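Undergrad: Order-wise, the sequence lines are chains S and P. Each residue of the first sequence is one higher than the one before, counting from 1 in our numbering. Each residue of the second sequence is one higher than the one before, counting from 400 in our numbering.
Since the hints were derived computationally from the structure, they do not count as laboratory data. Don't take every hint at face value.
Stated by the list, open to error - To spell it out: a stretch of chain P is covered by chain S in this simulated footprint if at least three of its residues, at any positions, have a beta carbon under 8 Å from a beta carbon of chain S; those stretches are: (1) 596–610; (2) 614–621; (3) 631–640; (4) 655–669.
To be verified - Capping the alpha-carbon separation at 30 Å, the derived lysine-lysine pairs in DSBU-like fashion look like this: (5) Lys154/S - Lys88/S; (6) Lys209/S - Lys687/P; (7) Lys619/P - Lys660/P; (8) Lys543/P - Lys660/P; (9) Lys209/S - Lys101/S; (10) Lys687/P - Lys273/S; (11) Lys133/S - Lys201/S; (12) Lys624/P - Lys560/P; (13) Lys624/P - Lys480/P; (14) Lys721/P - Lys209/S; (15) Lys101/S - Lys687/P; (16) Lys101/S - Lys273/S; (17) Lys619/P - Lys480/P; (18) Lys201/S - Lys157/S; (19) Lys179/S - Lys446/P.
Model, not experiment: these values are computed from the prediction. A virtual CB, placed ideally from N, CA and C, is assigned to each residue, including glycine.
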Amino acid sequence: MEQKKGLIQKWFGRKNGRGSAKSVNYMSAKEIRQISRENRRITDEFERVRNRENVPESEYTAVMKDPGNILEIEDLNTWFFTDIGTVKAVDGVTFSVPRGKTVGVVGESGCGKSVTALSIMQLVQRPQGQVVKGELRFATDDLTIDLVRIPTEKMQKIRGNEISMIFQEPMTSLNPVFKVGMQIDEVIALHNEGMKSEEVKARTIEMIKLVGIANAEGVYDMYPHELSGGMRQRAMIAMALACTPKLIIADEPTTALDVTIQAQIMDLLRQLKERINSSIMLITHDLGVIAEMADYVVVMYAGRIVEQGTAAEVFHHPSHPYTVGLMASRPSRIRSAEQLYSIPGSVPNPIDMPNYCYFRDRCNRAFEACNGDYPPTFSISGTHSAACYHYSAVSEVGK
Amino acid sequence: MIDDKRMKEDRFERRPSEVSLTEASLLEVKNLKTYFPISSGLFSKVKGYVKAVDDVSFSIQRGTTMGLVGESGCGKTTIGKTILRLTEITSGSVTFDGIDIHALDRRALRALRPRIQIIFQDPYSSLSPRMPVGEIIGEAVREKRLVAPEKFDDYITGIMKDCGLQEYHKDRYPHEFSGGQRQRICIARALALNPEFIVCDEPVSALDVSIQAQIINLLKALQAKYGLTYLFISHDLSVVEHISDTVGVMYLGNLVEYADKASIFDNPLHPYTMALFSAIPVPDPDVKTNRIILEGSIPSPANPPEGCKFHTRCSYCMEICKLEVPQMQTIGAGHQVACHLYKDGRRIG
Numbered sequence: 001m002e003q004k005k006g007l008i009q010k011w012f013g014r015k016n017g018r019g020s021a022k023s024v025n026y027m028s029a030k031e032i033r034q035i036s037r038e039n040r041r042i043t044d045e046f047e048r049v050r051n052r053e054n055v056p057e058s059e060y061t062a063v064m065k066d067p068g069n070i071l072e073i074e075d076l077n078t079w080f081f082t083d084i085g086t087v088k089a090v091d092g093v094t095f096s097v098p099r100g101k102t103v104g105v106v107g108e109s110g111c112g113k114s115v116t117a118l119s120i121m122q123l124v125q126r127p128q129g130q131v132v133k134g135e136l137r138f139a140t141d142d143l144t145i146d147l148v149r150i151p152t153e154k155m156q157k158i159r160g161n162e163i164s165m166i167f168q169e170p171m172t173s174l175n176p177v178f179k180v181g182m183q184i185d186e187v188i189a190l191h192n193e194g195m196k197s198e199e200v201k202a203r204t205i206e207m208i209k210l211v212g213i214a215n216a217e218g219v220y221d222m223y224p225h226e227l228s229g230g231m232r233q234r235a236m237i238a239m240a241l242a243c244t245p246k247l248i249i250a251d252e253p254t255t256a257l258d259v260t261i262q263a264q265i266m267d268l269l270r271q272l273k274e275r276i277n278s279s280i281m282l283i284t285h286d287l288g289v290i291a292e293m294a295d296y297v298v299v300m301y302a303g304r305i306v307e308q309g310t311a312a313e314v315f316h317h318p319s320h321p322y323t324v325g326l327m328a329s330r331p332s333r334i335r336s337a338e339q340l341y342s343i344p345g346s347v348p349n350p351i352d353m354p355n356y357c358y359f360r361d362r363c364n365r366a367f368e369a370c371n372g373d374y375p376p377t378f379s380i381s382g383t384h385s386a387a388c389y390h391y392s393a394v395s396e397v398g399k
Numbered sequence: 400m401i402d403d404k405r406m407k408e409d410r411f412e413r414r415p416s417e418v419s420l421t422e423a424s425l426l427e428v429k430n431l432k433t434y435f436p437i438s439s440g441l442f443s444k445v446k447g448y449v450k451a452v453d454d455v456s457f458s459i460q461r462g463t464t465m466g467l468v469g470e471s472g473c474g475k476t477t478i479g480k481t482i483l484r485l486t487e488i489t490s491g492s493v494t495f496d497g498i499d500i501h502a503l504d505r506r507a508l509r510a511l512r513p514r515i516q517i518i519f520q521d522p523y524s525s526l527s528p529r530m531p532v533g534e535i536i537g538e539a540v541r542e543k544r545l546v547a548p549e550k551f552d553d554y555i556t557g558i559m560k561d562c563g564l565q566e567y568h569k570d571r572y573p574h575e576f577s578g579g580q581r582q583r584i585c586i587a588r589a590l591a592l593n594p595e596f597i598v599c600d601e602p603v604s605a606l607d608v609s610i611q612a613q614i615i616n617l618l619k620a621l622q623a624k625y626g627l628t629y630l631f632i633s634h635d636l637s638v639v640e641h642i643s644d645t646v647g648v649m650y651l652g653n654l655v656e657y658a659d660k661a662s663i664f665d666n667p668l669h670p671y672t673m674a675l676f677s678a679i680p681v682p683d684p685d686v687k688t689n690r691i692i693l694e695g696s697i698p699s700p701a702n703p704p705e706g707c708k709f710h711t712r713c714s715y716c717m718e719i720c721k722l723e724v725p726q727m728q729t730i731g732a733g734h735q736v737a738c739h740l741y742k743d744g745r746r747i748g
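Looking at chain S on its own, in the form it has when it is part of the complex (with noise of 0.2 Å):
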């Protein structure tokens, strides 16, 4: 088939055949116009709806499915309307976090895993980012509410103070011209009014402390390019935390640091999430952090959640092809091959994403029925499910 393109590229020239990216990378301006224009449309709405002034409470409150839960999921869909089409970068996520427990999200780049906290955090770049279904549910103390419908001066009240977030780059997310100190002082004084500055700054430097950085008070004057990698992140971890969050999100949190660091700040956020009490929601692409750290995980791929359940049952039964694929290509201790599995092939564009079964040209155990619609979620046990016809004999649940 490639074969063929290149052959038929040479006898009509070079200019015009460009291959499958032709439909994505080469737009006229015209088509460009149109489709921005008609987003542009769709967007006002929502932002209209979003802007409006004295939202009545009913709006945006909820009632939790499971009163064990402190974050429940349903039916997210977040897409992001570009000027080549709609990206639907969350495409119907559901799944819940539970008090008190560590929840794994796993994916490679670009499936929608840092959308899905973006999301929760009401960070998405708006207006071309927009949640347009699903809901959010999220327990305060007194009521549950919907962290989709909530207006924005209502979600600055539970933005770092009940749900908060550790970033991927600790170099890129703290502002390099204020001092560590500084910036926590003002999340605690944000969320504490009334608070004085001697307080503010003793409950910043107990932080500091608790987050196992011996030289608190010296670090508190220092600015964040004096600090190693290991420590930026723990002075992000000490920002998280200074309001005893509810809900940690914590989207790569080791990723850019070196294995013996990343040990470090893995047995830390461990030690805190008992300490302080609250539920983990751990965004990662390594197998290994996952499986140290998660008690439930959750598999995306391409915007879609391909399976979840408890973490001995993905990582003892994975279901999904692409689990097991996945799985199967980290090179290991335990079986060490000549050579590596790797999935063929590389996830579908975004922009046209297939009518089938996103997983079914990379899959190696794809038969009749992968050429249907999307497969539904189906279940393997009461925790575990996958979205994947070989499970179609086993009760569906969801739609």
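Assemble the complex: chain S is given as a structure, and chain P must be docked to it using the hints.
TA: Okay, now just chain P, sitting in the frame of chain S:
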């Protein structure tokens, strides 16, 4: 597809004297030191040195892969660059196939260049965005006149096919490719010059897990086909374990342990190696490893600690470690370690 026989004909002039070096090592690094001066003030007075690589010796056999691991800032990349003479040496020597790379004049160095190539870490910044892929791969081939002009197109196509790229990719630009494919382009660019030795500087750390496996398999296949020798620099220990024959562990500019893969992974001797290996997360929720968590972080290479550089973080630290720099010593069959815990080939204390 170019058959192997024709490839052989196309091979440009081989090494000047076809010495039988089958048993000897292809690359030998002896007491290599690369220091970077820290200068300040009006006249850029040199205040001190960052000892990026401080007295490192190792050798690589022809057709094998040496893995080099260590934390960031320990000098892995500097070693790679010094071998290629992209960085000048402070003292010591790098001998490639009997030629002292750092003693060559410009002309001789240019002649040697095609035989040693490098694959960089970031496939996004190491490809020129203004050049089509065929040109990126073929530029140096044309410059060096490695193949006859009429064979040029077929030659490039052959190299691209070897690296899993299609012929029609030639006219595309790097931005049209995914990370994994870009890395294939980088590999093709290195391979096009028909090198004997390739420095792979973290070639897979910017890629996703499933793509990583493809690239590692490709590197192994190419090694088998062309008999390449690799220096594989990485901080990912499981990748290094998979691809290497021998492994060197670096800490703050020093090689602290050097042995073949099996003995270093099954029986690490240096306390740093032990800690490093125990820090690898295992993808199995039931395995609870006895993790050695190192305190603190890597000291500054501009002002390294006295004696053994690791003594500030070592749990086995003794008095002698603070005073004396440990020398490389051989324990058992070719297992080298630089640590005061070992003396006369066995462990003391």
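Undergrad: Work down the list of hints and note, for each, if the structure agrees.
TA: Here's how the hints hold up against the structure:
1. 596–610: Since 4 is at least three, the answer is holds.
2. 614–621: holds (count 3)
3. 631–640: The restraint on the region 631–640 of chain P holds, since 5 of its residues have a Cβ under 8 Å from chain S and three suffice.
4. 655–669: violated (count 1)
5. Lys154/S - Lys88/S: 27 Å, holds
6. Lys209/S - Lys687/P: Given that 30 Å is the threshold and the Cα spacing comes to 27 Å, the pair holds.
7. Lys619/P - Lys660/P: Holds, because 16 Å separates the two Cα atoms, which is no more than 30 Å.
8. Lys543/P - Lys660/P: 37 Å, violated
9. Lys209/S - Lys101/S: 24 Å, holds
10. Lys687/P - Lys273/S: At roughly 19 Å apart (the allowed maximum being 30 Å), Lys273/S and Lys687/P satisfy the hint.
11. Lys133/S - Lys201/S: 42 Å, violated
12. Lys624/P - Lys560/P: Answer holds: Lys624/P to Lys560/P is near 13 Å, not above 30 Å.
13. Lys624/P - Lys480/P: 26 Å, holds
14. Lys721/P - Lys209/S: 29 Å, holds
15. Lys101/S - Lys687/P: Roughly 18 Å between the alpha carbons, so the hint for Lys101/S and Lys687/P holds.
16. Lys101/S - Lys273/S: 9 Å, holds
17. Lys619/P - Lys480/P: 22 Å, holds
18. Lys201/S - Lys157/S: Since the Cα atoms of Lys201/S and Lys157/S sit roughly 21 Å apart, the hinted pair holds (cutoff 30 Å).
19. Lys179/S - Lys446/P: 28 Å, holds
Of the hints listed earlier, those the structure fails to meet are numbers 4, 8, 11, in rising order.
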